[in-house]
Structure formats: structure tokens, C-alpha cells
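Chemist: Letter by letter, the chains look like this.
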Amino acid sequence: MIKEFRLPDLGEGLTESEILSWKVGVGDTVSLNQVIAEVETAKAVVELPSPFAGVIRELHEQPGTVVEVGKPIVSFEVADDAGQAPSGAGGTSARTEEAAGEVPAGPAAGPAAGTPQREPNLVGYGAVVESTGKPARRPRNLPSTGPAEGVAPVLVPAPTNEAVVEQAETVPLTSRPAGSPHVETAPDRPRSTPPVRKLAKDLGVDLSDVPGTGPQGLITREDVQHFVDGLSTGAAARPQAAASTGATARPGARETRTPIKGVRKLTASAMVQSAFTAPHATEFLTVDVTSAMELLAKLRDSREFAGIKLTPLTLAAKALLIALRRSPALNSRWDGETQEIVTFNYVNLGIAAATPRGLTVPNIKDADAMSLVQLAEALSALAETARAGKTPPADLSGGTISITNIGVFGIDAGTPILNPGEAAILALGAVRKMPWEYQGGIALRQVMTLSLSFDHRLVDGEQGSRFLADVGAVLADPGMVLTMV
Amino acid sequence: MSTDVTGQGGTAAPEDAGHPQEQGRELVQLVTPAGERVSHPEFDYWVRDITDEQLCSLYEDMAVIRRIDVEATALQRQGELALWPPLLGQEAAQIGSARALRPDDFVFSSYRENGVAYCRGVNLTDIVRVWRGNASSGWDPYTINMATPQIIIGAQTLHATGYAMGIQNDGADSVAVTYFGDGATSEGDVNEAMVFAASFQVPVVFFCTNNHWAISEPVWLQSHIHLADRAAGFGIPSLRVDGNDVLAVMAATRVALDRARRGGGPTFIEAVSYRMGPHTTADDPTRYRDANELEDWAAKDPIARVAALLERRGLLSEGLQQQVKEKGDDVAREMRTGCTTMPDPEPLDVFRHVYSTPNSWLDRQQDHYARYLDSFGDPAGAVSEEGAR
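Protein chains in written order, with this note's numbering: chain A, 1 to 485; chain B, 1001 to 1389.
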């Protein structure tokens, strides 16, 4: 029996090697593992040991030739039952030998003649199958029967006017059923499955041209086949070129894939954890903050605040800290493990910050013990550090309550998601000039909306409402602080 | 350098001459390269029970694992294995240490300790399973008390230290032994493992086979002191032993095991050996190292050394040599057959061995994947059913 030895992948992922020399000649008898050749790969010069004991029948490649991995390089004549049972047991030993690395001698041999087979026992022979194109499991013939009319939408033949060729770009659109909703609402990659995508690719079909009949517009194998059948039956009405434009290439990628990692991944995990652990309740309050803005302007001019950055956020933060004294429940944490509610007697005030790396929520430690000057300084330092991406990890943990200043983006209100482990988060809207009720009339006032989300496990509507009302009261009339401290 | 201790035939190996790490520290040796048994005041005690018969058995094991190595290398060249990391030259380090272990000790090795696995009684087919690409893990670690080889350099030292912490918690007197190379001592994992091992004084032996080359990087470039001396920085006692001397390796391992069993904490052993082959079958060492160096070390071959000792004692009979050769050939044949007749893994095998108990999440994935695979099926019967997928 003739056995071939195909060039294996001698390194890790090599595709070819050069035969440097043969150590044996045709007619030589070799033993198992006897060195038969010297081969140079991109990585090393190696000796090839014979995989069989037998007689060399043919050397397929000359020294100096670069050979692709998987190509036969030498044929052996080996005893039919080499190394196995005594002679005569050809039928049974053949199976064993096949498993031991036998290569079918002729094209008709092997379980599936004509289809490319991966040599099951020779590592590195994947290249052979690869080069023939399609995986063995993939169907090679497609049913050419017509579409089942009742199942799939009937394709509308392309218009048969003289401008057909110019209209080639629009043909796919005309071939879509008018009422199919997914056509209009699928700007992304058409929904399908990998095997069907592969089929479409093999047939040169652009899936975005194929109407899907599966659930939610999923494009099925049948759809692709119907589409192809439609193209071939409509060929008479259309130049052949139009068929190929079924795979209209559109400029640019249809989707961009960004690996989920880093801050995005952390943010996502924190948001999911928070949103699906703490039952959120959100309340809104729109406040006339004109007085607070006037106070801000006054403070900016004062000597004490010279050179210090004062913003609506500064005042809102202070208002929150003051209001928190009357509603400590907002400054607490649900400890599910110990079944305890932890009420903090200090405030680590988190400020959501958009940084180059994504959203972070650094916090100001013991913000409740700070004067307004200290708080203003801490806020600007925190923002600068965060924007530079230099927030130390300690500043990112241990927060007790947070503020998110969506007003800087010109937004009025929203439902903020709690920073995990905290009971409340306050979103500050933009300060806008609005017609507002003022002293019994309508005046152009500076108005801001506060959105407060709280963990409803810890905070009842009453506590949340009172807290939000307190924050609003301070911002509406900073003098109200006198009633709270 | 004290030549009668290092046993380097009266002259220092020329490539080592200028490197400080070859100076100073005692290299424990009980058998010289010429096969002469030299006495040692401290370490003789630890191999006093080794009979002639056991010496022959050590010789056999070393020869057999070299034979395994030759066969596996050939299997790779024949395309039956994707890769193989040869152990040629390190037989004494592996057999001397592995034979000192108790069955209840636990081994955490690198990918080169196939000789250790052989001593632990691994099924020969299981050794090559991973290298053939047929499984992500070759055997059940608890059947032979040896974890499957770690590919990540040095990561197994952490596993061993953690396991040793478990032994300590159990109050047992077994020991975790971890094998790694000279290159691994530069890795963070190994250093962390040694910090923890020293902090908790756990029963772990750090067995470092210094084979002089971390792929193409020579050990002297990595360390200007002996690797054994690095252990002192962690407060771990260390031994520097001739890694090509099977008796010295066994003695040193027994010292370390004894200390660990008595609650004396970790020990670091530097077995000074040489990787006589390539790093793996994908490597060509002639591109980066001097042929003279290989020649020098070939003169210190660990198997030739035991053979010479046996010869001096009149034990190296033809019968023994024949027996050893036959054993090696049998083992090689068994491994080759096991390798070439190994069934290919099925696509769904990827879901096996993920969890020890049923897991609905994984079951669901498996079900989806099975259906996905089915969707490649023949279109004649499957279109209507599979089409919607």
C-alpha cells in the first residue's frame, strides 16, 4: 500500500517550508522515525523523521523547493499490515492505519469522494481544506425550485423601461415589498444568521437587498434563495449586469464595533447593577434660581472668593449638603449582606464627570465639613483632575451621594441612575431665562429643573420630596438657609 | 569557583567564566560528570537509602523519559503534534525530584515537566493530548495529584502556593511542589508566590530548573546573582544543586520536602541544568547560542553520568541496558499509538468540563450552538425547518 507524507506545520502556524536535502533516495528502506529530510522553515532548520517504516517510492519535491504545508512530499510503500496484525487482515487493518495517518491513495478513496476532507489525524493540515474554499459541512448545491408563493413575499420584477441600467442602483429597492416594515427601519446590518450570511456571500448577494420573512425581519436561507431565484428568472427583463449589482457596495462600513472594555465596561456594569438592584424613583422640581444667580454674582466680586471658580454647581452642592442635614436618609446605603441600613454621618459628595476615558464619579471627601470656599476649590480641583484623567482610585470609591450636572449640556431634566451603593443622585438642569410667575405677575426669570433619583428601598417619597424641596428652597431663596442650620 | 564541588572537570565552562552568577555559591553534587560518587557531609544522609536497585530504576526512568521526548519530537515533525517542548538534558532534575515525592504531594509544573508527569503515573496519551490540540487539558489533576501543565510562565507557582495554604489549613503534612524555569524567576507571578509563601510559611517547594535559557535569553542576562540567591530576598531558604546529578537533586528535594512537612515553610531549589534541545519544536537554538556551550554540557549529560556510576559499580549489565531500551520503546509505541488514534474532539466538546455541575446558562449556549451547527446541515431536509434560524 502506498502512503503519502504531507508536509506538516513544523512551527506554530507556518504555511510553507523549504526542502533542503533528502537523506534517503527512491528504493531505500526506512524505519519509523529515521531521518529522511532536512527542511528549513521560517523559524528553524529541522530534520524530518519518517512517519512510516517502509520503502521510499517517490520523492515529490526537489531540494531547494519551497513547499506549502499539506502538500505530499514523499510516498512510501508500506506493508499492508505494517506494525499491526499478521498478514491477511487487510480489511480491519486498513481502518486502523487510516486512523494512524494514512492518506487515501487515489481520489476515489475516502468516505466522501469529491468533497474536500480534512485529514483527521495530521495536525496542521487545515490549509488543504482552507484552500478548497468551503467547509465540508456546507451545502454545495442549492435547490433551484421556485419560491413558495404563500410563504415569502413575491418579488416585484424590476421595471422594464429603457433606463434599467441607470437604475441599477435602485433595483434592490424596487424589488422590496412595499409594506415590509424592516426595510425602512433597518439602517444597520440586516438581521440574519452566520450560515445565511455565508450563503449570501457565496452567491454574491447583498443581504440588505433581501427582504427577510423570519421573525422581526430576519433573513432566512429561503429568502436568499428566493432572491437569487428571482434574479435568475428576472434576468430576461434585465441585463445581466444588473444582477451583479444586487450586491451594491455602499461606501463606508455599515457598522463600527468597539470592544467593551475599560471605563465603558465598568460604567455599564455599575449602571446595570444599580438599575436592577435599587428601585429608582425620580422626582422633578423646577425652581426660580434668580436670587441664587444674583448671590453668585455678588460672591464672585467679593474679596473672599477672588480667583475662585464659582458656578451654579457650587451653590447647588452647598444646598444639597445643607438639605441633607434634615434628611439623613438620603445619605445612606443599603447593605444587603448584613441586612442593615448604613446611614453616613459624613458626606462624600460624588460629582459625575465626563473624562476622556468616559464617565467617572470622583467624590469630595467630607464635603459636609467644608466651607463654601473650600467646597468651590475642591469642586474645581476635582473637575480638573478628572478631565486630565488623573483621578486617584481612592477618589472614585466611598461616595455617599452624587450630583450630575447635565445642565452643562443644555439639558433640563432626566432620570439619573444611582451611583451603586448610594441612596440618591441629584441632576442639575440648565439655568434658563424663562417667563415665570414672579410677585403675582409674569417676568423673565432664571429657572432650573432639579431631578432627584433615590433608592426607594431606603428613602420614602416623603423624605425624598422634603429633601428635594429643601434643595429647591435654598436655591430659590438662599436666605432660607437661616431656617435650616 | 571550587571545582571539586561543581564537578566541572577542573575547568570552569568557558561561557560561564565571566559571569558573576557562576561564582561563590556552593553547588551540591553527589555524582561527578565522570560518574564518581563523591561524599557530602550533609546531603549523603538524604540518599542513604538508595540501593543499587533503586539507582538502576532511576536510570531507567531517565532513559524512558528521554525516549518519550524523542518520540514526541518525531510526532511533531510528522505533523501529529502541533508543538512539543523537549526536556532533553533535564532528565535528572525531573526524575530526581519527582521520585522524592509522596503520592499525596501535589505538583504544579510548567509545560516541560513531562518526565515529572511520567513519574506521577500519567497516562501517556494524556501527555500529548494538549499538544495535539485535541483538548485544552490533558488529564484530571486529582487522579495523579499533578495539575495539568501551565503554559503561562510562572503562573503555576501561585497555584502551588495557594494549594499549600490549603494544606496548611487542613493541617496535613503533604507538600505542594512547583516547577518552573530560570526565565520564570523574572516574572511577577513567581515573585508574588514567593512573597505569599514566605508570609504564610506554607509547605511549598519552589523547584527552579535553571536550564540557562529563557527561550533565547541567557540566564546571566536576567540575573547577576545565582537564582538561588534571589530566594534570600524573600526570606526563603534555598539550595543550589547540580541539576544533572539525579542523586543530588533527590537529596535537595528531600531536604525541602522534609522542612515543609515539619512546618518549616517554603524552600527554593535551583537545579542547575541545561536545555540541550530547542525551547520547543518551533525554535532553532543554533541561531542564538554557541555550539561549544552545548558540547560542554553534553559532557555533563545526566543519563551518561548515572550510566557511568552504574558501570563503576558493575551494575550496567547488558541485560539492564536491553531492559531499559525495551521499556523505552514500549512506552514510545504506546504513546504514538495513543496519539495517532486519538479521536478528534467534537465541536460541542467545548462545553464539557466548564462546570462540574449542570449549568442552565451553559446548557442554553450549548443548545444554541448545536442548533447553529445544525444550520449548516443539508438543505434538502433542513431548509424549511432551519431556514428561519
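Careful: at least some of the hints might be erroneous.
Covered stretches of chain A, as calculated for chain B (at least 3 residues, CB under 8 angstroms) [stated by the list, open to error]: (1) 266 to 276; (2) 402 to 408.
Below 30 angstroms or equal to it, Euclidean Cα-Cα: the simulated DSSO-like pairs (lysine-lysine) are [to be verified]: (3) K433/A / K309/A; (4) K309/A / K201/A; (5) K23/A / K1327/B; (6) K1325/B / K23/A; (7) K265/A / K433/A; (8) K201/A / K298/A.
It is worth saying that the hints were derived from the structure and are not from the lab. From the three backbone atoms N, C-alpha and C, an ideal C-beta is built for every residue, glycine too.
Chemist: Now tell me, hint by hint, if it's right for this structure.
Modeler: Now for the hints, and whether the structure bears them out:
1. 266 to 276: Coverage by chain B is violated for the region 266 to 276 of chain A (0 residues, Cβ < 8 angstroms).
2. 402 to 408: violated (count 0)
3. K433/A / K309/A: Within the cut-off at roughly 22 angstroms; holds.
4. K309/A / K201/A: violated, 60 angstroms
5. K23/A / K1327/B: holds, 29 angstroms
6. K1325/B / K23/A: Answer holds: K1325/B to K23/A is near 26 angstroms, not above 30 angstroms.
7. K265/A / K433/A: violated, 38 angstroms
8. K201/A / K298/A: With a Cα-Cα distance of about 69 angstroms, the restraint between K201/A and K298/A is violated, given a limit of 30 angstroms.
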